[in-house]
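Q: Chain residues, written in single-letter form:
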Amino acid sequence: MTTGESKNGVEDIIICRDVHKWYGEFHALRGVTTTIKKGQVVVVFGPSGSGKSTFIRTINRLEEHQRGQIIVDGIEMTNDVRNIDAIRRDVGMVFQSFNLFPHLSVMRNITLAPTKVRKLPSAEAEKIAMELLERVGIPDQAYKYPKELSGGQQQRVAIARALAMQPNIMLFDEPTSALDPEMIKEVLDVMKELAESGMTMIVVSHEMGFAREVANRMMMFDEGVIVEEGTPDQIFNDPQNDRTKLFLSQIL
Amino acid sequence: MSTNANTGPAPVLPPPRFSRGAVGWARDNLFSSWYNGMLTAVSGALIVAGLWWGLKWVLVDADWTVISTLGGFLAIGEYNTEKACEGQNCFWRPQVSLMLVMVLAGMAWGIARGGTARNIAILAAAALAAFAFLPYSFERMGMDVRLLMAANIPAVGVGWALGRHTRLGTVRGVAFSGVGVFVIILVLLRGLPGIPGLEPVSVIYWGGMMLNLLLAVAGIVLSLPIGIALALGRRSHLPVVKALCVAFIEVFRGVPLITLLFMSSVLVPLAFPEDFPLNRLFRAGIIITLFSAAYMAENVRGGLQALHPGQAEAGRALGLPSWQTMTFISLPQAIRNVIPAIVGQFISLFKDTTLVTIIGMLDILEFGRSFIQSYVLEGEVVYLENQKELLIFIALSFWVFTYGMSYVSRKVERHLGVGER
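Chains as they are written, first to last, in our numbering: chain A, 162 to 413; chain B, 10 to 430.
What the hints contain is simulated information worked out from the structure, not anything from laboratory work.
Be a bit skeptical, because a hint or two may be false.
[As the list claims (entries may be wrong)] Pulled a few chain A residues facing chain B out of the computed Cβ check, cut under 8 Å:
hint: 1; residue: Asn221
hint: 2; residue: Phe256
hint: 3; residue: Asn260
hint: 4; residue: His264
hint: 5; residue: Leu273
hint: 6; residue: Ala274
Cβ atoms here follow ideal geometry from the backbone N, Cα and C, with glycine treated the same way.
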């Protein structure tokens, strides 16, 4: 399912050129330019308010960029609703606060979008959901409600829910920040397995152990721009930018 | 090293139990201090005195004959009088309507998992069937009327069988049946010209509790969807839609219902073709529905605003178009969160139906009051002294229905609480 084979056969799966975003007067993204290739795992980090969350939220249009160009899997992000919906079907997202639907069972959380958007028959959608729940290690929770699950289990359901749409790209917005320490590992393990399967992933996170082990690339955000990027080896052992050095010294 | 260090797993102990008997309970809850003890004594005395005088009045002093004299008029007003229903007997039409409602209640019981629908269906059918045994003479209340009353019990059974064993036995099936039954009831009560036994009865003569219930049911069923539409319109990004909805809501919330009802004879016809057969029941129904929908819209909007924005974001991130995100994710949660407010609005709408009095319709309250002032026997207005009894009876009638609504609402809330945040 997640062979990393881009639907449209594009090698550069995400292209951002000079992306700007304002909240009112506040200039949140100040010209982000980068290209992410198919199958890459990119960890985005940086101080609070640096624009890293805003950046990944522009990739599936949860935030609208006001200048520049974003091309996802060969489709340019414009105001055309059909383009936006097409991109969203292709891009899965996992949130810091899980955002499971509390009024629906775990199973229904996962099958809702495939049955409504992809028009899958519910038996087939449930079969896929069960496979995904097995993949994230909680098939026995399928008919419970989100509030009956631990935080780590909820986040794994959220990952399964996103995967059910068979996306080519997965965005993670601080997926472990709201978790108790003993649950972080179970979520990171699922993400690691996903990365090994070839999924293109952008992960906003300060889990530096995960970054070192799994990421191909790291991006340091500060004041709305990428101030430094490189392999984990370069970033951890030989950071060039003073702000990167300062930030790493504060969190490591 | 701490001396508290425990080598084995901590033992699991049962919680401590306090069983101190009735005296202990009373000391803890009623007489925990001297002023609490005094409060208990004073309120206890008030309750006893209230019960004493209340029961004495109900059982000894009150003259309940005004209720039995009014009898069926309280239920259906002048519907079955000679002027409404010339040369024929029309009592069976409201009664068959009632039976259809009981069939619906039975269907709800047939598909429900919980016992609430069963309790309500059985209780209502039993109460209605009990009317068959009222100690009226057969001249006053004929065998046919009594048999139709008793038939409410088999009606529930038929409904149960339909709900359990036929293809109507789904929530959707019951909902469609409900709409169908409502239309049948309206046709049945209004009559069809040219069909023997179904001669038209002008809505001027529809009255009593039947009128209150018809207006309330129509208002409740229609005001929720209209209110949802208005709430969504008010949150719309389209300025014209938004402005229209805001204007509608503010106007209908800002004007007293009585004023709107007075204006209904002027305003409602403006919205319809000139020769449209508008009667005052229809006009009142529209006004009450729209009035209630304006409040409903604000309730629903409040529920939507209380939702975590991440819910809609998660839906959109999954590729659901915004209308599906609204239908499957936001609205169900928003409505569940404001069920108490919505049911409060339903109850308030039901009580407000008594205001149709002011456009000349005789609902249960007005019919009772005018009856008291005009019932003359041997040159004397007999029941002038009995307003108390009548008003208490009418109040109780309303309370039975409103309490039923809040009972169902509590059950629904508990049922939907399964997947709470």
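Q: Of the numbered hints stated previously, which ones are contradicted by the structure, given in increasing order?
A: Checked against the structure, no hint fails, so every one of them is satisfied.
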